[in-house]
Amino acid sequence: MENKGLNKVDLIFEKIDNREVLEKAFRMSREEIIREVLDSGLKGRGGAGFPTGMKWKFTAAEKSPDKYIVCNADEGEPGTFKDREILDRVSNKVHGGMAIAGKAIGAKKGIVYLRGEYRYLLPKLMTELDAFQKQIKEIGYDFNIEYRMGSGAYICGEESALFESIEGKRGEPRNKPPYPTVSGLFDKPTSINNVETLVTAMMIMKHGAKNFTQYGTKDSRGSKVFSVSGDTPTPGIFELELGMTVQQFVNEFGDGDTKAVQVGGASGFCVPRKKFAETIIGFEGVPTGGSMKLFNSSRSMYNVLHNYLDFFTEESCGQCTPCRVGCQQLLKGVEKVKKGEAKSTYLNELIKLADTMKIAAKCGLGQSVGNAFKSIVGNFREEIIY
Amino acid sequence: MINLLINNQKVSVPEGTTVLAAAKKLKINIPTLCNHDDLCVAGNCRVCVVEQKGARTLIASCATPATDGMEINTNTLKVRNARKHIVELLLSEHRSDCTKCYKNQNCELQSLANEFAFGDHILLDLVEDKKYNIDRSSPSFVKDDSKCIRCQRCVRTCSELQSVSAIAVAYKGAHQKISSFHDKPMSHVVCTNCGQCVNRCPTGALVEKTYIDQVWDAIYDPDKHVVVQTAPAVRVALGEDLGYDPGERVTGKMVNALKQLGFNSVLDTDFSADLTIMEEGTELLVRLKKALVDGDKAISLPMFTSCSPGWIKFIEHKYPEYLPNLSTCKSPQQMFGALAKTYYAKKRNLDPSKIVSVSIMPCTAKKFEADRPEMRASGFKDVDYVLTTRELAVMIKQAGLDFRNLEEAKYDSFMGDSTGAAVIFGVTGGVMEAALRTAYEIVTGREIPFGNLNITPVRGMDGVKEATLKIEGCVDAWKFLEGAELKVAIAHGLVNANKIMKMVKDGKASYHFIEIMGCPGGCIGGGGQPIPTNMEIRKKRMKAIYAEDEHMVLRKSHENPEVIAIYKEFLDQPNSHKSHELLHTHYVERDNY
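If you read the protein sequences in the order shown, they are chains Z and Y.
Counted from 1, the first sequence has number 346 at position 346 by our numbering; the numbering is strictly sequential.
Counted from 1, the second sequence has number 557 at position 557 by our numbering; the numbering is strictly sequential.
Hints listed in this document are in silico derivations from the structure and should not be mistaken for laboratory results.
Wrong hints could be hidden among the right ones.
Said to hold, decoys possible - Only some residues are given here: those of chain Z computed to face chain Y with a beta carbon under 8 Å:
(1) A153
(2) G318
(3) V325
(4) L353
Claimed, not checked - Chain Y is faced by these chain Z residues, among others (derived, beta-carbon under 8 Å):
(5) T313
(6) S316
(7) Q319
(8) G326
(9) Q329
(10) G333
(11) T356
(12) I359
(13) A360
(14) K362
Unchecked claim - Pulled from the structure, derived: some chain Y residues nowhere near chain Z, Cβ distances all over 10 Å:
(15) K209
(16) K259
(17) D296
Owing to the predicted nature of the structure, the values given are computational and were not obtained by experimental measurement.
Yeah, the Cβ is synthetic: ideal placement off N, Cα and C, and Gly gets one too.
All chains, full assembly: derive it from the sequences and hints.
So this is what it looks like as structure tokens:
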């Protein structure tokens, strides 16, 4: 097990000369940009962890006069707030990352899909965007960015539901294939990347892939921004090198009484104290889009689970059966067990149901409900029953 | 070609073929629910999931294109368990009062439950927690949300086939449901009552509003004289609900069955279809004369047909500025109704207040049409009850008739005679063909120059059809039409009606006369016809209609002896004052939401 320990990094928020990095990137060929990102091993920072270079390569390979680069800023996972901070502090790097991605895939148009609750950031972002567009024009590069607002639906963070939303339709995930790289926004080849991914790509352009690969592990290169919340004396945003154990994380951020950490938000995994030392935070262990919630022994894990299931029952788009009805069944099911109206063995049936949801739901939302459910029920069964 | 393995059997399919279709080619049955031949892929029910080697999750076979080298298994333990879960999940949200349900034994969810979820259910019943709504506001259908499984077939039907979108998906998560604008009752929104959603609903969530008991009550009431009329498209589809294959003509047996059920007089909507041709054909010729000869700018052309009540409500909602273009003729059903309680009552010496007028229609919108306040020209409700083809089949079953072994019988007289021109009202292009057969002959004194009177350019399943007819050798009264080119168009299914209306609105259509039927294929694909429906079935019904036409002795409406008689005895002439009182109507502007 590769273990890098807990190391703070300052890459995302590092003050840079935007223009310099952009000019450097624009001097490179499309292939060179993609090669650099591939070499860096960068994986998507939204949570799913798809290799960014691959995504760009696939989109670049499509022959279409119109392509889009979409920045997914619909940060909706419970417990994540790092994209808000990034947009607030270094939006120029987000815009820059989009322009570089645009160059790589051959897109002249970028769209930022901004979470509805972040509307208050918009005036500032517009001013900064104007400055960016001016800068790009001065460099002599043709690339335009637009902002589109979400309206508070969690599901619109799912890439194809996000496209539907931008297109003015009900935000519901599409059937895949075709994947966005082939047919995305307005049915055009689209690369959709998380806010942090785009900034990281910008920094890879600045420092080079080699510099990036010195951070992190084989499966989880680089560093990432964590949103730390829950029972911690130091909540907030922290950029850390990937590859630490949950124990090392808890040593830094815990309150001395941490019994579980929910890694990756409602759709992520619950790690109990007994597994802290053996669990790596990263794609080889528990992946996260940034959400790290600590729970101490005063917390009822039944309440935690109930809260997540309640959330999913609300936020499922409702189109596919496993997710729409499955979430309701899991929620009602644990309620019944808690009240003693169903036998504790009913939890086993619910786990089977969660397994079906994982393989039969249409999109990542329904497929990941089982993560939290199984890891909480599996590790804290007695708290659910009694 | 794409080569793949399904259950270890090799199959080659063209690119773009779904895994479901590829399996079908191998005669491997994969259960489906949200999938429908007439509609775009949804992939939301997940009943059709199968296992693909190397894939992280199961895949929806209806929504996944086959790719080279794919290895699919449709029947693994993983698939079976998932399917059982999915069907149980659907049932947990569904009020399973099957024995009380109109769709009992004709329900796709019930069939799936039979296969995958019999016995005790593990999952919790969610129905009681939900405050489901039953919308009975439409006179045509009932929308019972407690039976809805959110497959969205109705939503896709309403938008893709009908371009109406009266219903859409609303809310999310556990609250997701199929609803109307601002959750208004269906009677208060843009819904045309066409019933295409009813035809495609896999459960009992959307069914026609039935009037079977009311009709039985009337039949058994000794004071009442119950007349029944049957629409042209019923006779080529009724058999499907009584054990026949699609496309069987059961006209004679149906007439006999209606007599056995106890109707006092079994008459034919085809009679009033012939009458419609006389009225509407004359109206067209008069409009053409006023517009072309008199230069009357107030005359609206093109003229649209007005037989289809779904189409009428569509134009009232969506294009009210074109209401003057609609023919003022009532539909054959309503012409019949108005005459039943006037002409028929007088000739049979009956008190019209004692007459109950019933119609058997392939249509749900006809129920709404009969309820329109304009439809009381006789001083009474002209048509009291409208039953669908499906409801008639139910009555035949309730009466215990051995339909297959019934003798063929003839319609009663009068208002029972008809021609081949009337029966083709049941298919798209039929009204046009019937009108042209008569109008051409009135204007030129000769039969229309098509082999065996079959005007093939207006036939077929193309969504929009066009034809041009040069008029030559006019008789003296119509000399002004000499050399004119009559341009006509035909559309069926409201999505195609919408296309034509856009063309008309944009000034890109120079037609004189446009036939529009609200349902795909015309009345043979109506919302009251036997379920299931698909293109293959509709084509078979269409073929049967044309066979029925060819089989008739008389093929032109103006040759119908009873039509000739009614003008002589009662109406005087087409578009007369009396005709206008009884056989013509007006329309109302409606909101577009």
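| Holds or violated: is there a CB of chain Y closer than 8 Å to the CB of K362 of chain Z? | holds (6 Å)
| field | Proposed interface contact between I359 of chain Z and chain Y, which counts if any beta carbon pair is under 8 Å | value | holds (5 Å)
| said: A closest beta-carbon separation below 8 Å is what the hint needs, so does Q319 of chain Z meet it against chain Y? | reply: holds (4 Å)
| said: Hint Q329 of chain Z vs chain Y: min CB-CB distance below 8 Å? | reply: Hint on Q329 of chain Z: holds, closest Cβ of chain Y at ~5 Å, below 8 Å.
| query | Non-interface claim for K209 of chain Y: all C-beta distances to chain Z beyond 10 Å? | reply | holds (28 Å)
| request: Against chain Y, run the beta carbon of G326 of chain Z and see if the smallest gap drops under 8 Å. | output: holds (6 Å)
| Interface hint status, G333 of chain Z versus chain Y (Cβ within 8 Å) | holds (6 Å)
| Does the claim that K259 of chain Y lies off the interface hold, with its Cβ farther than 10 Å from every Cβ of chain Z? | holds (48 Å)
| task | Hold the hint about L353 of chain Z up to the distance rule: shortest CB distance to chain Y must be less than 8 Å. | result | Where the cut-off is 8 Å and the nearest Cβ of chain Y is about 6 Å from L353 of chain Z, the hint holds.
| task | With chain Y as the partner, please determine if G318 of chain Z meets the hint condition of a C-beta pair closer than 8 Å. | result | G318 of chain Z check passes; min Cβ-Cβ to chain Y is 3 Å, inside 8 Å.
| Taking the closest Cβ pair, is V325 of chain Z under 8 Å from chain Y? | holds (4 Å)
| said: Checking hints one by one. Is S316 of chain Z an interface residue toward chain Y, by the C-beta closer than 8 Å rule? | reply: holds (4 Å)
In summary, this structure violates none of the numbered hints.
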